Amino acid sequence: MSAHNCENTQAEFSALLDNELSDDQRRVVMADVRGCSACAAALEEFREAVLSLSQLKQAAPPTFLKDVQQQIRERSKGRFFGKRFLLFGRIPFEWVSLVMIMAMLAYYIVTMQSSPTHVTPVP
Amino acid sequence: MSVSDRLLLARLCERDEEAFSHIVKLYGDRVFNLVHRFVGNRSEAEDIAQEVFVTVFKSIDTFRGDAKLSTWILRIAANHAKNRIKYLARRPGVGANEATEDDLPSSHSRSLQAHMPAPDALMEAAELGTLLEQAIAKLDEDQRLLILLRDVEELAYEEICEITGVPEGTVKSRLHRARLTLKALLESHTR
Numbered sequence: 001m002s003a004h005n006c007e008n009t010q011a012e013f014s015a016l017l018d019n020e021l022s023d024d025q026r027r028v029v030m031a032d033v034r035g036c037s038a039c040a041a042a043l044e045e046f047r048e049a050v051l052s053l054s055q056l057k058q059a060a061p062p063t064f065l066k067d068v069q070q071q072i073r074e075r076s077k078g079r080f081f082g083k084r085f086l087l088f089g090r091i092p093f094e095w096v097s098l099v100m101i102m103a104m105l106a107y108y109i110v111t112m113q114s115s116p117t118h119v120t121p122v123p
Numbered sequence: 001m002s003v004s005d006r007l008l009l010a011r012l013c014e015r016d017e018e019a020f021s022h023i024v025k026l027y028g029d030r031v032f033n034l035v036h037r038f039v040g041n042r043s044e045a046e047d048i049a050q051e052v053f054v055t056v057f058k059s060i061d062t063f064r065g066d067a068k069l070s071t072w073i074l075r076i077a078a079n080h081a082k083n084r085i086k087y088l089a090r091r092p093g094v095g096a097n098e099a100t101e102d103d104l105p106s107s108h109s110r111s112l113q114a115h116m117p118a119p120d121a122l123m124e125a126a127e128l129g130t131l132l133e134q135a136i137a138k139l140d141e142d143q144r145l146l147i148l149l150r151d152v153e154e155l156a157y158e159e160i161c162e163i164t165g166v167p168e169g170t171v172k173s174r175l176h177r178a179r180l181t182l183k184a185l186l187e188s189h190t191r
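Order-wise, the sequence lines are chains A and B. For the first sequence, the numbering used here assigns the number 1 to the initial residue and increments by one for each residue that follows. For the second sequence, the numbering used here assigns the number 1 to the initial residue and increments by one for each residue that follows.
Take the hints with a grain of salt, since some may be wrong.
Covered stretches of chain A (in silico footprint by chain B; criterion: 3 or more residues with CB under 8 Å from a CB of chain B, positions within the stretch not fixed) [unchecked claim]:
{"#": "1", "region": "9-17"}
{"#": "2", "region": "25-38"}
{"#": "3", "region": "61-72"}
Think of the hints as simulated: they come from the structure by calculation, not from any bench. Note that the structure is predicted; figures quoted are calculated from it, not measured. All C-beta atoms in this analysis are idealised placements derived from N, C-alpha and C, irrespective of residue type, glycine included.
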């Protein structure tokens, strides 16, 4: 049996509280705690400190929803809610850019084909 | 992502006002609580929490759905709160610590509270709440965020990793150190 080391035992307190220890690890830590009054007191204080944090819950102000809606309306000048684009729900920038690239490519090909292949020197 | 999250997301992408109201009702308290505890100032927290939802609404199209909606929203909240603290720290005379003191009772009433026996459980709870707020405010930013996400909001480690972008092992070791620091701070207050 290994000698008890308070520091090693107390390093496991978070994992113990979070149920992150295996059954064997848990048994070892609990045996150490039972056999050491300093560790037992430290575990109790640690548990109290951590569990008390869950009481720090509070609700948003009662006007919160209204305030957020107001913010959004102000910033979008009333245009935010509702579909932003009649057909697609939003402007399909990716499609617009693809069509523009295709159009530019087509224009380039057409102009290349219609232009003379050789340049006649100016007399 | 759950089915209800997917349905809600589809409505959000269509800019359905009811869906937006629903999401504010659903996550407003958690967002407000997180940013309030993080920055320690109620009026700043109200402002940040509103900003969080404006960001959510503006960038809902960029949400890929590979995390829970709540995780994504809390990540936005954490980032906004961190940025606000940086902003407040840059402004002369309005440091984060100064902001933190806004919500807490004066040192005189705090010292009175410390010496007066609590008349009932409610008083004790209020006193403990104040002590916890003070102790949390003294933690460094990373530790504070981890404590808030894990022990106040009671999130799973997986969600905390997604919000903070820190690996699970690091989250666990930092959280343990944060809890030890908090315990020490509470002990120093109660002694």
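Query raised in the report: In ascending order, which of the hints set out earlier in this document are inconsistent with the structure?
Result: Those not satisfied come down to hint 2.
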